[in-house]
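*Asks:* The chain contents come next:
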Amino acid sequence: MGLVDRGRLPKPLTSLFNMGRSYSLWVYQWGLACCAIEMGAAFGSPRYDVMRLGVIPLPASPRQADLVVISGTVTDKMAPAIKRLYEQMPEPKYVISMGSCANCGGPYWDSYSVTKGVDQIIPVDVYVPGCPPRPEALLEGIVLLQQRIKNEDMGARWRGEGTKSMNIVDGESAEKGGVPVVVHN
Amino acid sequence: MFPLSSTTDTPTEAPRDTVREAELARILEALGAGVVDSLLKPNDDMWIRVTAETWRVTAEKLKALGYTYFGYVSAIDWLPSPFGKSEDDASGPSGERDSTIKQGYAGGDTRFQVIARLVQPFTTIGINIKVDVADEVMAVDSWSSVFAGANWHEREAHEMFGIGFNGHPDLRNMYLPTDFEGHPMRKDFPLLARIVKPWPGIVDVEPLPGDDEEEGEAS
Amino acid sequence: MTMLGDRQQLAYIASQAADARVNVELETEGMTLNIGPQHPATHGTLRIIARLDGEQVVWAEPSAGYMHRGYEKLTEVRTFPQVTALVNRIDWLGSFANEVPFILAAEKLMGVEAPSRAQHIRTILFELSRIANVSLFLGDLGVQLGAITPVFFAFRDREYVLNLIEGATGGRFHPNFDRIGGLKDDLPAGFIDETRVVMKKLRTFCDQIEDLLFGNEIFQSRTRGIGVIPKDVALSYGLSGANLRASGVDWDLRRDQDIPMAWNKTDFKVITHPDGDSFARCWVRLQEVRESTKIVDQLLDTIPAGPVMAKVPKIIKVPEGEAWVSTENPLGEMGYYVVSQGDQGPFRVKIRSASFNNISIVPWLLKGVYVPDIITILASLYFILGDIDR
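Taken in order, these protein sequences are the chains called A, B and C.
For the first sequence, this note's numbering begins at 1 and goes up steadily by one.
For the second sequence, this note's numbering begins at 1 and goes up steadily by one.
For the third sequence, this note's numbering begins at 1 and goes up steadily by one.
Just so you know, these hints were derived from the structure itself, not from any lab.
Possibly wrong hints are sitting among the right ones.
[Unchecked claim] Just the calculated beta-carbon pair ranges, DEER-fashion:
id, chain 1, residue 1, chain 2, residue 2, range
1, B, Asp37, C, Glu217, 56 to 62 angstroms
2, C, Asp185, A, Arg47, 24 to 30 angstroms
3, B, Thr18, C, Leu33, 25 to 31 angstroms
4, B, Pro169, A, Gln147, 55 to 61 angstroms
5, B, Val196, C, Glu61, 33 to 39 angstroms
6, B, Lys41, C, Lys317, 17 to 23 angstroms
7, B, Ala33, C, Pro319, 32 to 38 angstroms
8, C, Pro372, B, Val19, 45 to 51 angstroms
9, C, Pro372, B, Ala25, 50 to 56 angstroms
10, A, Lys83, B, Asn166, 36 to 42 angstroms
11, A, Arg63, C, Pro372, 21 to 27 angstroms
12, C, Glu61, B, Thr123, 53 to 59 angstroms
Backbone N, C-alpha and C define an ideal beta-carbon position, used for all residues, glycine too.
For reference, chain A alone in the conformation it holds in the complex (with noise of 0.2 angstroms):
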């Protein structure tokens, strides 16, 4: 793949890697708290079904994940710990945030050992409100993430210029690159 080495991917190739890119997420599961269940309930059970979109759920280590999904209170004794997950992810990777407490510390927002929000650790892509969010809310979070991922130019992640969006307009959803998204719910 010398075009992409070099940073130089002509769009119809673009969007054709970003379309594989978006239907075969490995995520991996960092359950935490009370929103693990949900997102147990999401990825696990028969009634959500989240591998109909395309994501896989059960990469054995961060290392052969795609995408990271927080779920639950982070703590400032467990930060670290995600730091390094995050770091021992292969590029490119996406993070979604889930539930009130690693969005911005939740109930826990005045406690002593409540980190207030993993976006101080990691940067992360999508935002999932509630305490906890139910289990489509969370699958409404990967669809986000898909059309945003759909959107993503590459050449300008490779040429070390970060994330971009290509400024193809996909229906209203289109995202713009490098700005978390928040679910509505």
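With chain A held as given, fit chains B and C onto it using these hints.
*Replies:* Then chains B and C, alone, in the frame of chain A:
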């Protein structure tokens, strides 16, 4: 079990609890001079306060008396919070805050007290045991050789209140990161998030069922 | 059964002989195994550091605190109704059950008693949250022991119970439905009929799990005789709930305690098992789900009419005093020691959570077991991290 009493018109006779009265008498006899104070609330619970020297012996004697089920060991800081009560705004001016210590059941002389609970298995008769922790010593004897379960509870109390437990095998930190400073459950430990930003939930008025005079203002 | 026992005995002797040979031939060097802080087999963020000699654990120590959120401190800066929303999240699988002992303690201090209809509904929701909690345990148990099917059954049937809780309270997970003096609302229309149907489904679920898992030979040989807790050790560590009853202790706070809930109006069996091993703990929990469905059915038949809220002032000030209330929660005895000094918020709340005591036995229990048994023992002890760390 509890009377539905907002009115205190007719003086009823004080409820009797013969089972707990007999139990408390038995305990007081066994512990002897170690007990400083005791309290019995009929059909509710028993409290005793013992001297710091007899803290460990109390556990042994109570275990011999049949209180073999270990409930918990923890501590109480009786200092009123310098940051105000829960309904106060910690970010506002501190003003005149009352700092007189108001002790609970079975009294006390010091700011810190260790409290424990033991239960007689297969009944619900339990006893709350308190002991004063003198400020200059800040330690009591450990119960971990009497009740194995006390080990972790004492580690927690040590971390949260800074109270030492003599004879404990391993008083390591249990919850907090190793570089954490201070003892969070002490009343003078500030919750910084509350001080920098006022808490929006200070007013707590929730309309109750069958209660509609507040409806108009809610919007 | 005896066949299996003999085979186990032979396997044990063979492994001991192999160990002895290896120990003579090779000087084995110890190894430290770190499990966690985030590991799929630990129900959350428990970290276990084990010192191994070959396959055997010499010493193991759980390292908690990765989920410590400071509940006891936060209750001191909340008012009584706000604390309910907070304590919901301690044991996040059986949320409603966490509210009840706290509310009962506050009611005890205020001298208020909920109307009997509210007590009934509280008990129904309490048992529903127990069913939701333990049914996930039964599914998860399979995953941890290498059987993936039960978890799909559990998630499927658990949804029915969550739907009921959501229908009644508005929250799937954290209802925050209990109020001092009663409940926020009455039951919705159709709840009783729907619950009866779901309870039938849950009994079928129990039968399926019993067939799938408990009758399975591999499951039995992995759990029988593993992690035996004798009665007196269990008491001195303060174990509670199914862990205690699996050691042959016939003690259930639902039956043995006189608190203003509706359990004493129902007829149910307290399940015990004499063995005290991992199998016994799992089996007791399975049977308790069955009993819970029966309790719910009985309560649905006898639910009295009337209000669901007693008269309490709008701004709740709890009089000075101290109170201890504990109930038989899904994980074991959960108690609150509430100290009030006459303010809107509690002065001190000691939360005695079941898992904290249940897991403090782990260093004692893991000594000398084999590595795969670590997972079996932890799974059978059944803890929730929020309940350990609070």
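*Asks:* Determine for every hint whether it applies to the structure shown.
*Replies:* Results of checking the hints against the structure:
1. Asp37/B to Glu217/C: 56 to 62 angstroms: At 60 angstroms between Cβs, range holds.
2. Asp185/C to Arg47/A: 24 to 30 angstroms: holds (27 angstroms)
3. Thr18/B to Leu33/C: 25 to 31 angstroms: violated (56 angstroms)
4. Pro169/B to Gln147/A: 55 to 61 angstroms: This hint holds: roughly 57 angstroms between Cβ atoms.
5. Val196/B to Glu61/C: 33 to 39 angstroms: At roughly 37 angstroms between Cβ atoms, Glu61/C and Val196/B fall inside 33 to 39 angstroms, so the hint holds.
6. Lys41/B to Lys317/C: 17 to 23 angstroms: holds (20 angstroms)
7. Ala33/B to Pro319/C: 32 to 38 angstroms: Holds, since Ala33/B and Pro319/C (Cβ atoms, about 33 angstroms apart) stay within the stated range.
8. Pro372/C to Val19/B: 45 to 51 angstroms: Distance hint for Pro372/C, Val19/B holds at roughly 48 angstroms.
9. Pro372/C to Ala25/B: 50 to 56 angstroms: 53 angstroms Cβ-Cβ, so the 50 to 56 angstroms window holds.
10. Lys83/A to Asn166/B: 36 to 42 angstroms: holds (39 angstroms)
11. Arg63/A to Pro372/C: 21 to 27 angstroms: Because 24 angstroms falls inside the window, the suggested range holds.
12. Glu61/C to Thr123/B: 53 to 59 angstroms: violated (34 angstroms)
The structure is inconsistent with the numbered hints 3 and 12, although it conforms to all the rest.
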